[in-house]
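Novice: All chains, please: the whole structure from these sequences, using the hints.
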Amino acid sequence: GENVEQHPSTLSVQEGDSAVIKCTYSDSASNYFPWYKQELGKRPQLIIDIRSNVGEKKDQRIAVTLNKTAKHFSLHITETQPEDSAVYFCAASMRAGTALIFGKGTTLSVSS
Amino acid sequence: DTAVSQTPKYLVTQMGNDKSIKCEQNLGHDTMYWYKQDSKKFLKIMFSYNNKELIINETVPNRFSPKSPDKAHLNLHINSLELGDSAVYFCASSPQKGRNIQYFGAGTRLSVL
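Residue numbers (the working numbering), protein chains in the order written: chain A, 65 to 176; chain B, 671 to 783.
Keep in mind the hints are simulated off the structure, nothing from the lab. Note that the coordinates shown come from a computational prediction; the quantities given were computed from them, not determined experimentally. Honestly, I wouldn't trust all of these hints.
As the list claims (entries may be wrong) - Once the Cα atoms are required to be at most 20 Å apart in a straight line, the calculated SDA-like pairs of lysine to any residue come out as:
1) B:Lys-767 <-> A:Ser-116
2) B:Lys-711 <-> A:Glu-103
3) B:Lys-679 <-> B:Ala-757
4) B:Lys-714 <-> A:Ser-73
5) B:Lys-710 <-> A:Lys-122
6) B:Lys-679 <-> A:Arg-107
7) B:Lys-679 <-> A:Gly-105
8) B:Lys-767 <-> A:Val-118
9) B:Lys-741 <-> A:Val-151
10) A:Lys-101 <-> B:Val-758
11) A:Lys-101 <-> B:Arg-779
12) A:Lys-106 <-> B:Lys-714
13) B:Lys-692 <-> A:Arg-107
14) B:Lys-711 <-> A:Pro-72
15) B:Lys-710 <-> A:Glu-69
16) B:Lys-692 <-> B:Leu-724
17) B:Lys-706 <-> A:Ser-116
18) B:Lys-714 <-> A:Gln-109
Specialist: Written as structure tokens, this is what we have:
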């Protein structure tokens with residue numbers, strides 16, 4: 065089955081710096097790669113996603129890149145703010161209506 | 671207006687008891703899920719249901735039994751609760767077509783004493 069590895073497990077940056085979180089997946093049949101943000105005591109919330117027919121996607125300060133050949137995908141957050149502090153999860157899945165396989169999460173701390 | 675709602679939000683119980691968690695979605699989705707988040711924050715799929723039928727059951731003990739009375743509801747019943755069952759349980763739903771966006775409920779924090 066699918067296995068998703070996520071690094072780093074913790075990341076501390078200064079406000080205004082960029083943050084990068086990287087994930088790898090094992091199953092070449094996976095074609096959907098979302099990123100979820102989870103604040104303390106809250107539910108995971110989708111922040112950005114990418115499908116396997118796209119190499120890069122951007123939404124304001126966040127972007128995701130996908131390298132299908134290497135089975136890597138990454139989350140980039142620019143101009144970080146203290147409210148970006150949270151746990152970030154990458155995930156992989158096949159078609160719509162299938163379970164997400166999550167990475168183990170990255171705790172991002174942004175200090176002002 | 672909550673898209674995916676689950677109850678209760680907190681559940682504190684003794685070892686050996688039986689408890690249930692309810693989940694409802696008003697998004698018209700065909701697929702619903704239960705995920706478990708342990709104390710290390712790892713999120714792992716437990717069950718997936720499509721239109722009331724069980725699709726996957728990921729190495730979950732028989733003490734856990736999901737039930738889907740209709741496609742808008744997926745409940746989780748747990749028998750003979752153990753200390754290791756303490757976790758946050760999230761219900762989620764997703765559409766059958768297009769992007770596999772999953773909408774999560776607020777979670778149920780289960781504490782087994």
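Novice: Each hint needs a verdict: does it hold in this structure or not?
Specialist: Results of checking the hints against the structure:
1. B:Lys-767 <-> A:Ser-116: Holds, because 15 Å separates the two Cα atoms, which is no more than 20 Å.
2. B:Lys-711 <-> A:Glu-103: Between Lys-711 (chain B) and Glu-103 (chain A) the Cα gap is close to 11 Å, so the pair holds against 20 Å.
3. B:Lys-679 <-> B:Ala-757: Answer holds: Lys-679 (chain B) to Ala-757 (chain B) is near 12 Å, not above 20 Å.
4. B:Lys-714 <-> A:Ser-73: holds (17 Å)
5. B:Lys-710 <-> A:Lys-122: Measuring from Cα to Cα gives roughly 30 Å; hence the hint is violated.
6. B:Lys-679 <-> A:Arg-107: Distance ~12 Å between Lys-679 (chain B) and Arg-107 (chain A) Cα, so the pair holds.
7. B:Lys-679 <-> A:Gly-105: holds (11 Å)
8. B:Lys-767 <-> A:Val-118: holds (18 Å)
9. B:Lys-741 <-> A:Val-151: Given that 20 Å is the threshold and the Cα spacing comes to 31 Å, the pair is violated.
10. A:Lys-101 <-> B:Val-758: Given pair Lys-101 (chain A), Val-758 (chain B) holds - Cα atoms ~16 Å apart, limit 20 Å.
11. A:Lys-101 <-> B:Arg-779: holds (19 Å)
12. A:Lys-106 <-> B:Lys-714: It holds: about 16 Å lies between the C-alpha atoms, which stays within 20 Å.
13. B:Lys-692 <-> A:Arg-107: Between Lys-692 (chain B) and Arg-107 (chain A) the Cα gap is close to 16 Å, so the pair holds against 20 Å.
14. B:Lys-711 <-> A:Pro-72: holds (14 Å)
15. B:Lys-710 <-> A:Glu-69: Holds, at about 15 Å.
16. B:Lys-692 <-> B:Leu-724: holds (16 Å)
17. B:Lys-706 <-> A:Ser-116: It is violated: about 27 Å lies between the C-alpha atoms, which goes past 20 Å.
18. B:Lys-714 <-> A:Gln-109: Status holds; Cα separation ~16 Å.
Hints 5, 9, 17 from the earlier list are contradicted by this structure; the remaining hints agree with it.
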